[in-house]
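Student: Listed in order, the protein sequences are those of chains A and B. Counting from 1, position 31 in the first sequence corresponds to residue 31 in my numbering; the numbering is continuous, with no gaps. Counting from 1, position 81 in the second sequence corresponds to residue 81 in my numbering; the numbering is continuous, with no gaps.
Keep in mind that the hints were calculated from the coordinates and are not lab data. Heads up, none of these hints are tricks.
Treat identical chains as interchangeable: a pair holds within one or across any two.
Computed cross-link-like contacts, EDC-like style, restricted to lysine to aspartate or glutamate with a CA-CA straight-line distance of at most 20 Å:
#1 18 with 7
#2 263 with 244
#3 56 with 277
#4 276 with 256
#5 246 with 256
#6 266 with 249
#7 27 with 108
#8 266 with 244
#9 77 with 251
#10 77 with 181
#11 18 with 196
All values reported here derive from a predicted model rather than from experimental measurement.
These are the residues of each chain, in order.
Number of protein chains: 2
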Amino acid sequence: MDLWFNERNTDTCNLSIKIKNAIYSEKTPFQKIDFYESYDFGIFFTLDGMMMVNEKDEFIYHDMIVHVPMAVNPNIKNVLVIGGGDGGTVRELTRYSNIELIHMVEIDERVVRLCQRYLPQTSSKLEDERVSLFFEDGVKFVKDKKNIYDLILVDSTDPIGPGEGLFTTEFYRDCHRSLNENGILINQHESPYFEEYRVEMLKSHEKLKRIFNICQVYQFHMPTYSSGHWLFGFASKNLHPIRDHKAEEWEKTGLDTRYYNSKIHKGAFALPTYVKDLLESV
Amino acid sequence: MDLWFNERNTDTCNLSIKIKNAIYSEKTPFQKIDFYESYDFGIFFTLDGMMMVNEKDEFIYHDMIVHVPMAVNPNIKNVLVIGGGDGGTVRELTRYSNIELIHMVEIDERVVRLCQRYLPQTSSKLEDERVSLFFEDGVKFVKDKKNIYDLILVDSTDPIGPGEGLFTTEFYRDCHRSLNENGILINQHESPYFEEYRVEMLKSHEKLKRIFNICQVYQFHMPTYSSGHWLFGFASKNLHPIRDHKAEEWEKTGLDTRYYNSKIHKGAFALPTYVKDLLESV
Chain A
1 MDLWFNERNT DTCNLSIKIK NAIYSEKTPF QKIDFYESYD FGIFFTLDGM
51 MMVNEKDEFI YHDMIVHVPM AVNPNIKNVL VIGGGDGGTV RELTRYSNIE
101 LIHMVEIDER VVRLCQRYLP QTSSKLEDER VSLFFEDGVK FVKDKKNIYD
151 LILVDSTDPI GPGEGLFTTE FYRDCHRSLN ENGILINQHE SPYFEEYRVE
201 MLKSHEKLKR IFNICQVYQF HMPTYSSGHW LFGFASKNLH PIRDHKAEEW
251 EKTGLDTRYY NSKIHKGAFA LPTYVKDLLE SV
Chain B
1 MDLWFNERNT DTCNLSIKIK NAIYSEKTPF QKIDFYESYD FGIFFTLDGM
51 MMVNEKDEFI YHDMIVHVPM AVNPNIKNVL VIGGGDGGTV RELTRYSNIE
101 LIHMVEIDER VVRLCQRYLP QTSSKLEDER VSLFFEDGVK FVKDKKNIYD
151 LILVDSTDPI GPGEGLFTTE FYRDCHRSLN ENGILINQHE SPYFEEYRVE
201 MLKSHEKLKR IFNICQVYQF HMPTYSSGHW LFGFASKNLH PIRDHKAEEW
251 EKTGLDTRYY NSKIHKGAFA LPTYVKDLLE SV
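Using the sequences provided together with the hints, build the complete structure.
Tutor: Spelled out as structure tokens, the structure:
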């Protein structure tokens, strides 16, 4: 079979991945879901044609979304995950024995069920007893929450289609209210390199800055996402990702991580000058 | 025109770039040189079909190859550049008034002449009076040099074709002898992510470790190179890239850089655990 999947960076630039096998395809009320087996990245799935998670580099994304806030506040107990239907974010969270409760809100149950069938590597911990799954709109879910969570992880798609509401001022404000006084929000913060993603990065940062005391951005090398240069936002009421970084405490957990470590925690917040200047401009 | 250039990552994964215009093509005794104009990256050229330099992200590579060593030893006066026919590395070097002499050794004069014609953005400083161009094999050039250079920058292609000799133990040993006691060698150190590049990364590191007292590796986000996660090696006789980092002195130069800054200097040496483990395994 000579089937190639194109991960769109721009209209005129793609990452092209040769497919070994098209595994499954389904159209849900929310989006089109496709599972493929590739030569380089193992099994991966797409939502509306955009790469979400693959077996080869998912560890990078999931390390960086979870361990950075956990090393800033090692006492995190209550966590809300919005999106993240593949389960990789929950998998990393369940490695912390101090976490007592994980609410995961995924709008499309089919993403979860299909990942449980085709991507056990990421979905294997969704049945942990601390995890409650809610198949509803994350935007609505946070509307009536107040002062509950230590950590909210917005593990969303890009701001088009079902993920759009997760990039609005109103949603970020609802997250702020749902967090307690030491609360941290980590959000999918797009990429600085190509114009289309850069615009979304700046919009997101501008909105968060109006709501949270502390708004930082950190980067990681994510080869299958546009340009390979991807960002998360770290927004919080009080805790600073570097000044409150508790490297020793985190290291005592003894967690074995393939991407994250205490040096990369600090290093990830050191942004290229052009990215820093862009973020400061809004 | 619907022409796409494929930058090969593996046999089954490419970065595909739509071409606006094929500008020029020439076969030299060393390699095939092609210049293209693209929608996303401006003008770029390839050697034997591999992307070398493009107008959009060359600043990242050239910032990181030059400013890292310059901020460790701000007294660098004599520099040898091996390869780097596009001139971008020399351009960044010429911004330092304390540099007195730049020897640039490029095996293929046609690369230089064509970049002078089609890529003024990188080649504009090759006529600086401190620069001497040598069109010969870098491997031979360093054979009879001893204790001359403060800095050697190996700005080479991958270790196939004309660049192969620039990844050998013998060449690294000749570089070591060509450097003075505070000498620093920066070398193109490939990428950790895809197997084929990882193998070369490890071979290079293993060889350098046998010869130089200090052998560190640093990373940067280079979207058009394989996986976007690219590395340089920092090998030296005495100076350590972090312990001897002179951030304040460098900042006093007032140089305006779009990627490099003093925080990223430190951050770039914070490698993901899997990369650190690989490098320590050899």
